[in-house]
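Given the coordinates of chain A, work out where chain B should sit on it, guided by the hints.
Protein chains: 2
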Amino acid sequence: MKWLVPIALLAMLSAPAAAADLEANKKAVVAFYEAALNSKDFEAAAKYFGPQYIQHNPGAQDGIEGFKAFIAFLREKFPSSHSEIKKVFADGDYVILHVHAVREPGTRGRAIVDIFRLENGKIVEHWDVAQEIPEKMPHGNGMF
Amino acid sequence: MKWLVPIALLAMLSAPAAAADLEANKKAVVAFYEAALNSKDFEAAAKYFGPQYIQHNPGAQDGIEGFKAFIAFLREKFPSSHSEIKKVFADGDYVILHVHAVREPGTRGRAIVDIFRLENGKIVEHWDVAQEIPEKMPHGNGMF
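Line order of the protein sequences matches chains A and B. Residue numbering for the first sequence follows our numbering, starting at 90 and increasing by one per position. Residue numbering for the second sequence follows our numbering, starting at 90 and increasing by one per position.
If you are wondering where the hints come from, they were derived from the structure by calculation, not from laboratory data. All values derive from a computational prediction rather than experimental measurement. Treat the hints with caution; some may be incorrect.
Any copy, or any two copies together, can satisfy a pair, since identical chains are not distinguished.
[Said to hold, decoys possible] Using 30 Å as the maximum straight-line C-alpha spacing, the simulated DSSO-like pairs for lysine-lysine come out as follows:
{"hint": "1", "residue 1": "K176", "residue 2": "K211"}
{"hint": "2", "residue 1": "K225", "residue 2": "K211"}
{"hint": "3", "residue 1": "K225", "residue 2": "K116"}
{"hint": "4", "residue 1": "K157", "residue 2": "K136"}
{"hint": "5", "residue 1": "K157", "residue 2": "K225"}
{"hint": "6", "residue 1": "K129", "residue 2": "K211"}
{"hint": "7", "residue 1": "K136", "residue 2": "K116"}
{"hint": "8", "residue 1": "K115", "residue 2": "K166"}
{"hint": "9", "residue 1": "K116", "residue 2": "K176"}
{"hint": "10", "residue 1": "K211", "residue 2": "K136"}
{"hint": "11", "residue 1": "K175", "residue 2": "K211"}
{"hint": "12", "residue 1": "K176", "residue 2": "K157"}
{"hint": "13", "residue 1": "K157", "residue 2": "K129"}
{"hint": "14", "residue 1": "K136", "residue 2": "K176"}
{"hint": "15", "residue 1": "K175", "residue 2": "K116"}
{"hint": "16", "residue 1": "K136", "residue 2": "K175"}
{"hint": "17", "residue 1": "K116", "residue 2": "K166"}
{"hint": "18", "residue 1": "K211", "residue 2": "K157"}
Excised from the complex, chain A in its bound form (with noise of 0.2 Å):
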């Protein structure tokens, strides 16, 4: 069976490729998140990166020089730091991170929000907010 449908309507076909570009960001980021924060291999976290990295965590430097340094610091300092990816969330050029990154093993980490600008395909800026996870809470629900 088919139907006769305007030309107009073609156009929104394009929607399904929008879809598609999310997806494919949210597979750059993780896959850059793993290779920077586990595999603290910068050479393969870089090849993810756009012509620029704009840094807005409030403690590492600017640019992908300063990301570079940071990963530097974490293979020195905090060799066997693990992040563990919760939830992936992409809307537009931005990727959304909720992740659970525990510097030393054994102690209870802290709950991160990374949020990063893509511009195409490429991560370009970096925002986050990171909070120590509490030994207790008025609830059971964790911050998970």
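Relative to chain A, chain B alone:
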């Protein structure tokens, strides 16, 4: 000009409906946030709740009653507190806010990311991460 389009392609036209849900969810969460955090009006905020409110904030009581207690705390202790929404994202049943929250006017305040899960357009679950904004940063980009 007209094209013959197989009916299978018509199924792809449902994509814009999903996009409408994302926008509706964003509007609901922003309205909820303004009513709750800025107007500090529990009754106005409560209409955005679904049948439950699962709380993951590590300092708050669970449930809708716990949220009511939090709004009462804000009204009493920080009546001039203000939360400015910097970014709004939506993906699936989730809405994510990047927020600059100032409890006492004139202070630097905190960067917060709130994550809300919705069911049928109503808020049913919440996670957040909060971090004090430091006086100095090694770049001029700020936390937002």
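Each hint tested on the structure:
1. K176 <-> K211: Cα proximity of K176 and K211: in one copy and across copies (20 Å, 20 Å).
2. K225 <-> K211: between (39 Å within a copy, 29 Å between copies)
3. K225 <-> K116: The answer is neither: 34 Å in one copy and 34 Å across copies each exceed 30 Å.
4. K157 <-> K136: Close inside one copy (12 Å), not across copies (47 Å); limit 30 Å.
5. K157 <-> K225: Cα proximity of K157 and K225: across copies only (21 Å, versus 35 Å in one copy).
6. K129 <-> K211: Within one copy, since 19 Å is at most 30 Å while 40 Å is not.
7. K136 <-> K116: Cα proximity of K136 and K116: one copy only (13 Å, versus 36 Å across).
8. K115 <-> K166: within (29 Å within a copy, 40 Å between copies)
9. K116 <-> K176: both (12 Å within a copy, 22 Å between copies)
10. K211 <-> K136: within (9 Å within a copy, 40 Å between copies)
11. K175 <-> K211: both (22 Å within a copy, 22 Å between copies)
12. K176 <-> K157: both (25 Å within a copy, 27 Å between copies)
13. K157 <-> K129: For K157 and K129, the Cα distance is within 30 Å only inside one copy (10 Å; across copies 43 Å).
14. K136 <-> K176: both (23 Å within a copy, 27 Å between copies)
15. K175 <-> K116: both (14 Å within a copy, 25 Å between copies)
16. K136 <-> K175: Both: 24 Å inside a copy, 29 Å across copies.
17. K116 <-> K166: within (28 Å within a copy, 44 Å between copies)
18. K211 <-> K157: Only inside one copy: K211 and K157 sit 17 Å apart there, 42 Å across copies, limit 30 Å.
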